[in-house]
Amino acid sequence: MAAAALSAAAFAEDTIKIGEYASLTGKEAAFGQSSHKGTLLAVEELNAAGGVLGRQIELVTEDDQTKQGESATIVKKLISREKVVGILGEVASMRSLEAAPICQAYRTPMISPSSTNPKVTEIGNYIFRVCFIDPFQGTVMAKFAKETLNLRRVALLTSVSSAYSVGLAKYFKERFVADGGEIVIEQKYTEGDKDFNAQLTAIKAAGVDGIFVPGYYTEAALICRQARELEMTMPLFGGDGWEAPELIAIGGSAVEGCYYSTHYSPQVDTPAVRAFVAKFQARFDGETPDAMAALGYDSAKVMVDAIRRAGSTDGPAIRDALAATKDFEGVTGSTTMDKNRNATKAAVVIMVKDGKFKFVQSVAP
Amino acid sequence: MTEFLQQLLNGLSLGAIYALIALGYTMVYGVLRFINFAHSDVFMVGAFIGYFVGGLLPHGTFWGGLAALAAAMAGCAVLGIVIERLVYRPLRGGPTLNVLITAIGMSLFLEYSGQLVFGATPRAFPAIFPAKVISLHGLIISMNQVTVIVVAAVLMVGLQFAVHGTKIGTAMRAVALNPKAAQLVGINIDVVISFTFGLGSALAGAGGVLYALNYPSIDPLMGVVPGLKAFVAAVLGGVGNIPGAALGALILGMVETFVDGSRWSTYKDAIAFAILIGILLFRPAGLLGRYRAEKV
Chain A
1 MAAAALSAAA FAEDTIKIGE YASLTGKEAA FGQSSHKGTL LAVEELNAAG GVLGRQIELV
61 TEDDQTKQGE SATIVKKLIS REKVVGILGE VASMRSLEAA PICQAYRTPM ISPSSTNPKV
121 TEIGNYIFRV CFIDPFQGTV MAKFAKETLN LRRVALLTSV SSAYSVGLAK YFKERFVADG
181 GEIVIEQKYT EGDKDFNAQL TAIKAAGVDG IFVPGYYTEA ALICRQAREL EMTMPLFGGD
241 GWEAPELIAI GGSAVEGCYY STHYSPQVDT PAVRAFVAKF QARFDGETPD AMAALGYDSA
301 KVMVDAIRRA GSTDGPAIRD ALAATKDFEG VTGSTTMDKN RNATKAAVVI MVKDGKFKFV
361 QSVAP
Chain B
1 MTEFLQQLLN GLSLGAIYAL IALGYTMVYG VLRFINFAHS DVFMVGAFIG YFVGGLLPHG
61 TFWGGLAALA AAMAGCAVLG IVIERLVYRP LRGGPTLNVL ITAIGMSLFL EYSGQLVFGA
121 TPRAFPAIFP AKVISLHGLI ISMNQVTVIV VAAVLMVGLQ FAVHGTKIGT AMRAVALNPK
181 AAQLVGINID VVISFTFGLG SALAGAGGVL YALNYPSIDP LMGVVPGLKA FVAAVLGGVG
241 NIPGAALGAL ILGMVETFVD GSRWSTYKDA IAFAILIGIL LFRPAGLLGR YRAEKV
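Sequences listed follow chains A and B, in order.
Mapping of the first sequence onto my numbering: residues 1 to 365, in sequence order.
Mapping of the second sequence onto my numbering: residues 1 to 296, in sequence order.
Since the hints were derived computationally from the structure, they do not count as laboratory data.
The reader is advised that the hints may include incorrect statements.
[To be verified] The following label-pair restraints were derived from C-beta to C-beta distances: (1) A:G192 with B:V78: 26 to 32 Å; (2) B:R89 with A:A282: 52 to 58 Å; (3) B:A274 with A:G180: 46 to 52 Å; (4) B:M1 with A:G180: 31 to 37 Å; (5) B:W63 with A:S334: 58 to 64 Å; (6) B:V224 with A:R308: 44 to 50 Å; (7) A:G180 with B:L56: 53 to 59 Å; (8) B:I101 with A:A275: 55 to 61 Å; (9) A:R283 with B:F62: 45 to 51 Å; (10) B:L5 with A:K339: 35 to 41 Å.
All figures in this text were calculated on a predicted structure; none of them were measured in a lab.
Beta carbons: idealized from backbone N, C-alpha and C, even for Gly.
Work out the full structure: start from the sequences and follow the hints.
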């Protein structure tokens, strides 16, 4: 312990600092924790392999408590006090949108591991992401609902206070209607709501054969439970916001037979995924990494790769290197930044079966 | 028609929970003339006591559920009395603003101590009562909703009896009317105030368990929103007035539910609060409250 502290102090002068802001506590803590573990694993691996530019990498992590307003403050602190060269975060689009203008103003490159709302990278040319965006995710789920689940009449239950949810609902609707499906009823809720009986009763009365819930896991689990209590048996499905063990812990048997789209599944059989799952389980007591962990891991790797190619820790140089990222092989597939600084990637559809997440199919872009 | 009845039931069970919290606000206001903002966090503690005690008992039985409910009520009563004794009593007689700020401080203290002790990650609340669902010509009646409504009704009738039919209740009303005069006729106001806090907190504890039963994901900040709504309900009904709080809560629960089930669900809170402002414009003292001119 003392030796570790000593060696940490020895190179503290000359480390390259990368900032990370994540929802380590609060309502979406499962996302922040997962993403953080992935990021941490990547940094530890890179350091074991000698770091970057001959220096060790120091990950400075701050918790935004899943609170509005918090991420802007802590990102400012990371940049001005900690002097980080790049920023990693957040999972939720809402909070990435808060922090991105600050990164842009300070010319500090930011990579969001898993914010899928298109607006995030539209903030400016210093903002990147390593995941797909909602128009693609919405399209995937609309196609899946129409072709695989064979649904015709679908209800939308959207969280109005989340940029992610509103965006995803819009793209889902566009595609589903274009394919000849019908959105029978649109209901709204707000983040933190617990009672969805009123909306579900209205949906039940409208008569639908599926409900699209583009929200986060806490609400999604409660929505599934209350729907099943109202004897609604149709499938409920959502996006990557559902991806957390809490979905099953809170939802119980009510989430059985529900679907969501996400970035990666530990059940995908490729050498990269197998190796990542093994390393993650060895590091974090046998925990299986979910999509947030995989994207957190990839975001750190992409950032460090850009620093290596830039050959400096200068903001604009790293930015240019990031923009030139091409065919970077990560756990969640190969990352190429398009001209809008978004990664184009395949999506996977997951089903809850027997209290476990089960891989259903993979959808290429 | 079925949809209307279903929404009526949903609104009734939501209103019943708001009522249990609102009663605590209103009782403390009635006696001490201040808003106990920490009340919504006592509600949260109640849910957590229910969570831990419920974990020890066999799930899905009536006596198990009632035992967890009783434990939460007892625990919260003690917490409420302790808060009053340690925090509010030393400030009694001082400027009301000081007590108000202290109440906000106490509320934040409980919320963030809760995050430290329980962790901020939401937990799944166990199904401590029998979770049956009855289907009646398309109308779905869940046992949880029935439990909430019945327990809330029993507690409110009990409270009405306690306030109007017992000696301590009479003393409580006397203190509410005029604390100095009550003291002059030999009422120990410390005991009465402790009792009020205990009773109000016990109701909040019951509310916490019932809320968690219906919406089984609990976290240390879960009290904030229902607490605010219950406070609104108390003001709506006439703060300081016990049947008023119940009535206000019922109205708020119904309005929220019906707006939520309509096309305007986005504006749920906006509409609920617009109604509040409207009612207060025409009845400044709330629906059942009596306006009293203050002599300066």
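Report the numbers of all earlier hints that the structure fails to satisfy, in ascending order.
-> 3 and 10
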